[in-house]
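Peer 1: Given the structure of chain G, go ahead and fit chain F onto it with the hints provided.
In order, the protein sequences belong to chains G and F. Residue numbering for the first sequence follows my numbering, starting at 618 and increasing by one per position. Residue numbering for the second sequence follows my numbering, starting at 141 and increasing by one per position.
In short, the hints are calculated from the structure, not lab data. These numbers were taken from a predicted model, which means no experiment stands behind them. A hint or two may mislead.
[Unchecked claim] When the alpha-carbon atoms are kept at most 16 angstroms apart in a straight line, the in silico EDC-like pairs for lysine to aspartate or glutamate are as follows:
no., chain 1, residue 1, chain 2, residue 2
1, F, Lys306, F, Asp281
2, F, Lys156, F, Asp203
3, G, Lys722, F, Glu383
4, G, Lys642, G, Glu694
5, F, Lys209, F, Asp199
6, G, Lys721, F, Glu383
7, G, Lys625, G, Glu694
8, G, Lys759, F, Asp334
9, F, Lys212, F, Glu238
Each chain is listed here by its residues.
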Amino acid sequence: MSNKKPLKHILVHGQAAPAVMDILKKKRQKTVVIPEGRPQLEAAKVNSRELLKRNMTPLVIADNMAGFMFYRNMIKEVWLAYQIGDAHGALCDIGALIYAVLAKKHRVPVLAYPAVEQKRFIGKPKEICCFCGRRVAPPAVKGYVPLLEWVPGNYIGKIHE
Amino acid sequence: MKGRVLNVLDETLIPKKTVYIKVRNTAQAVKVIRSMKTRAFGQFLVVLNTFLLEIQAADKASDRVFMQKMNKTAQALNASRPTFPFSEVTGIVVHWAEEALRHHEDPRKIVKRNIHGYLQGIRQQRLDRVARLAKLMKNGDSILTHCNVSGELAMAAALCRKQGKKIQIFATETRPYLQGAKLTCWELKRVGIDVTLIADNAVASVMADSLVNKVIVGSDRNCANGDFANKIGTYQIAVCAQEFNIPFYVLTQPSRAVKSGRDIPIEIRDEKELLCYEGKRFVPRGAKGFYPGFDVVPYQYVTKTVAINVK
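So that you can see chain G by itself, here it is in the shape it has in the complex (with noise of 0.2 angstroms):
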């Protein structure tokens, strides 16, 4: 393993508001660390476009390797995207609790941010059992597709408007 220590990130989950990316931009981030955000892969192909836009580097990963970077100390902040908030917590896209929890367990701080709407919370299982349009999984295999998930205002440090 290499004794430089590595760069530190901010992790944006879910389908961010335009706005949150200008205030990244305002952050000086160079580089943003973006889990894909399955079934629909939104957060790769959005997140990553706004980020383009604004001159800043989106370092896509899939959903299941971001513990992989706060174990090797990558993560500096977590930015969740959420559909509504209050003090007992946020409604945010699905695998934000994901990240809270590992925020909490490596000591990371956890801020909420508003999310781009989301109107469903249930996808369709098909979603799951098929990427980019081509199905992956055996037939009549069952998907469960939830895509919006409640975390609990003690994984959260600040929710902004």
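Peer 2: The following block gives chain F in isolation, referenced to the frame of chain G:
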């Protein structure tokens, strides 16, 4: 293995097609391992059978040339995927050959006989582990698994079914190669087990909502202190399981070759494998990707191991 050809199931094509790749030498074996056409226990079988192929090819070679071939084969296989402990197995094979020569015996015959015996032993031990795994699985369990446990989870679930236990499995899809969606679901469906596919980002959700009561995963490399490396994503599942008080079970192959997880080299794979699907890029140009193939789970997260002894 048939004659001088090893037929390797191309796991990347399952469940759409069942295709066997013909492997005739070490270079071809390294290629199927490196390109993840086979993985986990399949890789282990390829490693051992590659020696059998090379023994056949070196049938008439001198002992010196034969030993060179054995060492070269071991080196190439060891370097094929850095996270895997192939050297622990190839070292044993080379040692058999050296010992045979030291005792003025035919190393080809000895190595061949030992490999067959070793494989037979492993098969038996895996079946024994399946039985112990099935014991862990109780009637009404809803189990979360990640990636693919090389058939053993499916066999254990099938055994439970025979015993009248009702088991439900939640399988993560396991990006980017989707082994969970493809292989695990395929194996479980074949034995009639109720399997539900979820995205990798839904694991905390199913735990928080009490949809699962156990986690069972495999391990690709084990350490003396109990840490282990497994498919990327295992670490965050372990952390979430601890957070939500869900027992976390691991199938292991105990080894003392590395002290702790910090000593395991982690393979970083090509970003293209993450940013493209079937050759087509789905992420805007300019974006970069980061693809560590494995992560390490410290022993503190493990509730219980279900071990096999490969030595």
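Peer 1: Each hint: holds or not?
Peer 2: Checked hints:
{"no.": "1", "hint": "F/Lys306 to F/Asp281", "result": "holds (7 angstroms)"}
{"no.": "2", "hint": "F/Lys156 to F/Asp203", "result": "violated (45 angstroms)"}
{"no.": "3", "hint": "G/Lys722 to F/Glu383", "result": "holds (9 angstroms)"}
{"no.": "4", "hint": "G/Lys642 to G/Glu694", "result": "holds (15 angstroms)"}
{"no.": "5", "hint": "F/Lys209 to F/Asp199", "result": "holds (11 angstroms)"}
{"no.": "6", "hint": "G/Lys721 to F/Glu383", "result": "holds (10 angstroms)"}
{"no.": "7", "hint": "G/Lys625 to G/Glu694", "result": "holds (8 angstroms)"}
{"no.": "8", "hint": "G/Lys759 to F/Asp334", "result": "holds (8 angstroms)"}
{"no.": "9", "hint": "F/Lys212 to F/Glu238", "result": "holds (14 angstroms)"}
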